[in-house]
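A.B. asks: With the hints as a guide, bring the two chains together.
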Amino acid sequence: MLHHLSIKELITSLSEKKLSYEELFSYYQERIQKFNPKLNAFISVNESFLDQDSIIETKLKGIPIAHKDIFCMKGHLTTCGSKMLANFKSPYDATIITRLASAGALTLGKTNMDEFAMGSSNETSFFGPCKNPWDLKLVPGGSSGGSASAVAARLAPIATATDTGGSIRQPAAFCGVTGLKPTYGMISRFGMIAFASSLDQAGFIAPSAEDIAIFYDLASGYDPKDSTSINEQVASTTKNLDQKPNALTIGIAKSSLDKHADPNILNAIKQAVNQFEKMGAKIIDIDLKNSHLNVPTYYIIAPAEASSNLSRFDGVRYGHRSEDSESLQSLYANTRSEGFGDEVKRRILIGSYVLSAGFYDAYYIKALRVRRLIANDYKEAFKKVDLILSPTTPNLPFAIGEKSNDPISMYHNDAYTIGANLAGLPAISFPIGFHNGLPIGGHFVAQHLREDLLLNAVNHFQKETDFHQQIPQEFD
Amino acid sequence: MSQNIDIKALSYLAKISLDEDESLAVQEKLLDIKKIIDEVANLELDSIEPLYNPLDREQVLRPDEVTEKDQSSELQKNAPETIDGYYVVPQVVD
Chain A
1 MLHHLSIKEL ITSLSEKKLS YEELFSYYQE RIQKFNPKLN AFISVNESFL DQDSIIETKL
61 KGIPIAHKDI FCMKGHLTTC GSKMLANFKS PYDATIITRL ASAGALTLGK TNMDEFAMGS
121 SNETSFFGPC KNPWDLKLVP GGSSGGSASA VAARLAPIAT ATDTGGSIRQ PAAFCGVTGL
181 KPTYGMISRF GMIAFASSLD QAGFIAPSAE DIAIFYDLAS GYDPKDSTSI NEQVASTTKN
241 LDQKPNALTI GIAKSSLDKH ADPNILNAIK QAVNQFEKMG AKIIDIDLKN SHLNVPTYYI
301 IAPAEASSNL SRFDGVRYGH RSEDSESLQS LYANTRSEGF GDEVKRRILI GSYVLSAGFY
361 DAYYIKALRV RRLIANDYKE AFKKVDLILS PTTPNLPFAI GEKSNDPISM YHNDAYTIGA
421 NLAGLPAISF PIGFHNGLPI GGHFVAQHLR EDLLLNAVNH FQKETDFHQQ IPQEFD
Chain B
1001 MSQNIDIKAL SYLAKISLDE DESLAVQEKL LDIKKIIDEV ANLELDSIEP LYNPLDREQV
1061 LRPDEVTEKD QSSELQKNAP ETIDGYYVVP QVVD
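The listed protein sequences correspond, in order, to chains A and B. Going left to right, the first sequence walks through residues 1 to 476 as the working numbering numbers them. Going left to right, the second sequence walks through residues 1001 to 1094 as the working numbering numbers them.
This is chain B alone, in the form it adopts within the complex (with noise of 0.2 Å):
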């Protein structure tokens, strides 16, 4: 496996800025986290099924029906900002 990690691109993919500092000392961190994970990328496995659910089973789904109405006020309390039931971000376009 290759031994570096882009921690640029890592920071934008998991929405997490670092400065540069912080990218030095994630960086060594990781690369040491990596050696330990690349024993099990480094093993050849093909014929081995993948085992998502620890109890191979399926997961089962309950029908799509509203069970508990009129929350949003409550549930919006812990926005940390809202106008009219809407959530406020930054303006994203102009």
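With the rest of the complex left out, here is chain A (with noise of 0.2 Å):
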């Protein structure tokens, strides 16, 4: 029952020399291919890994990863999810990649997402939809859906996302795991697939905070590829993960959010302030008044950079290419036309009409001006409080096809999360309980760089409670 190890307990396996790395790695390469069809949390799956002598001398020692096919991975398949790059080959390793191989970590393969992270459900994909291991008739969430479905069913234990508007924390909760998206600038973006680039951020999806912490502190840091990349010495998450925390002030939004949230979620998070309180928390009420804005605000920006970012492929260089183009300009049409799905369309259109002359102002500046006054109502609230809380959904996990047709309700699923990206901030989304079997996450916002906070919180409620442990019995 290898699976049921943390992190932690694994690399003290490793050390101890009671297992090998190469065992560990067959162990979830055979649970892979156990339950991977039933899932489809996988798009390319790594039949053997380099042989390195050295691994035990790594921090990791060779603890088994899965990557988010939105990662460049040099010889591997790299596809983002979509038919564009569906036989794209990386020529070289993203920053991540790079620092976890270094620190000993071994790629189990890369998973399924939506198309260019663009989706809340997985069912944007090329490769199809990945299944919620909680109940296979339900999305994962999106747009890491099969990070999150992947480390939920133990077919890994950990995995790497990404995360623009809660693309982290929507599959995190909605597969019952921890999922951390750190401050903008904190781990490179180099050799991650943008999709916008003013909101992009990777992090990692795994059962604990604790996990995350030791692969948060190895990934993160300053990197001369990422121009955006943060130059600062920052506090070792590891390190200060046990310390019991100061006293926190927790504070809650009152929200026009919750008007639209089921009834079992906004019970959960009474049950989670209720438990933070015990731990010796302060919970005051605070305003975030701008937040009804996240989701227009939302996708003007997203949208436009997307369009921007997207003008790359146009089947010269790389990626999938038409065979009926007569002209250069029928070339690049015909090949994004055939290259991308409907939701990605959308969004490139959308981005260029927000970006298109006479709207420019309108809409893009705009949403730029509104996402200060988002930023600043943060800036506000961490004067008086040292993490938020919310849930990071408005409702539990949706049927496949039951939103697929209607983008709108899709969109409103990240109404929580999105003001986190807006200003650049830390979030983690963390299992809180559970209704008709179904997880629930609990969503902390801290301030920049305060990635310590969130998973020292997190890690001492995780203490306390066990809603992280469980797993989906036909997985277990």
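I should point out that these hints are in silico values taken from the structure, not numbers from a laboratory. Predicted model, so just to flag it, every value in this text is computed and none were measured. Be a bit skeptical, because a hint or two may be false.
Stated by the list, open to error - Ranges between beta-carbon positions, derived for each pair:
{"no.": "1", "chain 1": "B", "residue 1": "Y1052", "chain 2": "A", "residue 2": "E57", "range": "37 to 45 Å"}
{"no.": "2", "chain 1": "B", "residue 1": "T1082", "chain 2": "A", "residue 2": "G75", "range": "55 to 63 Å"}
{"no.": "3", "chain 1": "B", "residue 1": "P1090", "chain 2": "A", "residue 2": "H260", "range": "44 to 52 Å"}
{"no.": "4", "chain 1": "B", "residue 1": "P1090", "chain 2": "A", "residue 2": "N87", "range": "17 to 25 Å"}
Glycine residues also receive a C-beta, built at the ideal position from the N, C-alpha and C atoms.
C.D. replies: Written out as structure tokens, the structure reads:
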């Protein structure tokens, strides 16, 4: 039952030679072979890895990891969930891949995702929808649905993921696992296929905050290859993980979003509040007065940046190319029409609209002004509180197909998570309960660079609760 | 804001060809999205500075130096068509 062990326990077993890394890797490979056909959590699987004599000297000692298929990995397929890149083999490694490999992590495979990370259900993947291990009729969330599903079913002890508007935290909530979106700029975006560059951030999904802290400390930090990388020394998250937090002040936003939230989720939040109070936290009300503008602001900025970033897919240098092209113009237009799915096309078109002459100031620049108001609301709130608590999602995981023709309803799924991306703040989703056998996520946001506080608070919560240790029966 | 979206012009700007059925379907969805984003477009906010980088930081550039040389053949392995190190596209000049 190796899949019941935490990463810390696995590292200890590997150090003490009670377990070999080859044995551990094969164990997870077998689980993937057995369960992935039910889940479709992986797009590609690593059959073998480079044997490393010195792996026992590394910090991670050969812990297996799954990588979201948005990260470039040298010589491996990197599809971003799209037909456009279905045959793309990256000529280089993303920084996060390089750092984790040199720390001794071994790649199990690449996980399924919404196409170009655009979606909240994993249904926009060219490689078919991924399933939620708690109920195979339901979506795992998205866009990092494959990473969340794989970790929830324990097909990997940890997975990388990315988050532009909630794409780490929403699937973590839907699958009953923990997901950290760090401060914008804390983990290099080099080699991570860009969606919306001022919002995108890489992070991790794992069962617990303790698991994530170990990998976060190794992956984060300055990278000259990313021009928005933060060059500052920050506190180690693992070092202070067990330290009892000073009396925390937790803010609860009086939010119009709650009107649309499932009462069972709001009830779970109340229980979590009780738990934090028992642990010595003080709870106060705060006001994020512009939070009703999160969704409209995001759906201007993200598509605008996406339309620019995705202009690189033109059928000339890499990726899909249309056979049907008489001119350079038709080569571009037909390649992109064949290579992109409906949601990606919609977002590129909306992005082109808000950036076009006559609309640029009215939409794009105005959205950036609102973004400052939203960021200022958080700044004000953090004068009074250490953390802000809310649900991660307004609803429980929904059925595959239920919202796929209703993008607007899908967009509102990220209403609680988008604020942290717009303001570049670190945030975490963690399991706080179940309703009818389906997991519920709680969501903390902290000030910039305070990942240590997020992971510490959730680690202490997870010492008192066991929601994060639950494994769907079918996969245990 | 205008209630219409000129899908033909937009499809040209975005370099995505759409047939008639697709255009109609997309138009309907884009108008729904427009309803959401118009909430922002209708605000009066001229006194607020736009926030580009969420941490309000300057982008740091590194020196423009070649660090990894002679990668072209490796990089062109993914290209649909090349000749002698050039990318091949349909003829653009007669």
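A.B. asks: A separate judgement is required for each hint: does it hold in the structure or not?
C.D. replies: Verification of the hints:
1. B:Y1052 with A:E57: 37 to 45 Å: Holds, since Y1052 of chain B and E57 of chain A (Cβ atoms, about 43 Å apart) stay within the stated range.
2. B:T1082 with A:G75: 55 to 63 Å: violated (19 Å)
3. B:P1090 with A:H260: 44 to 52 Å: Because 50 Å falls inside the window, the suggested range holds.
4. B:P1090 with A:N87: 17 to 25 Å: Holds, since P1090 of chain B and N87 of chain A (Cβ atoms, about 21 Å apart) stay within the stated range.
Going down the numbered hints, you'll see the structure goes against just number 2.
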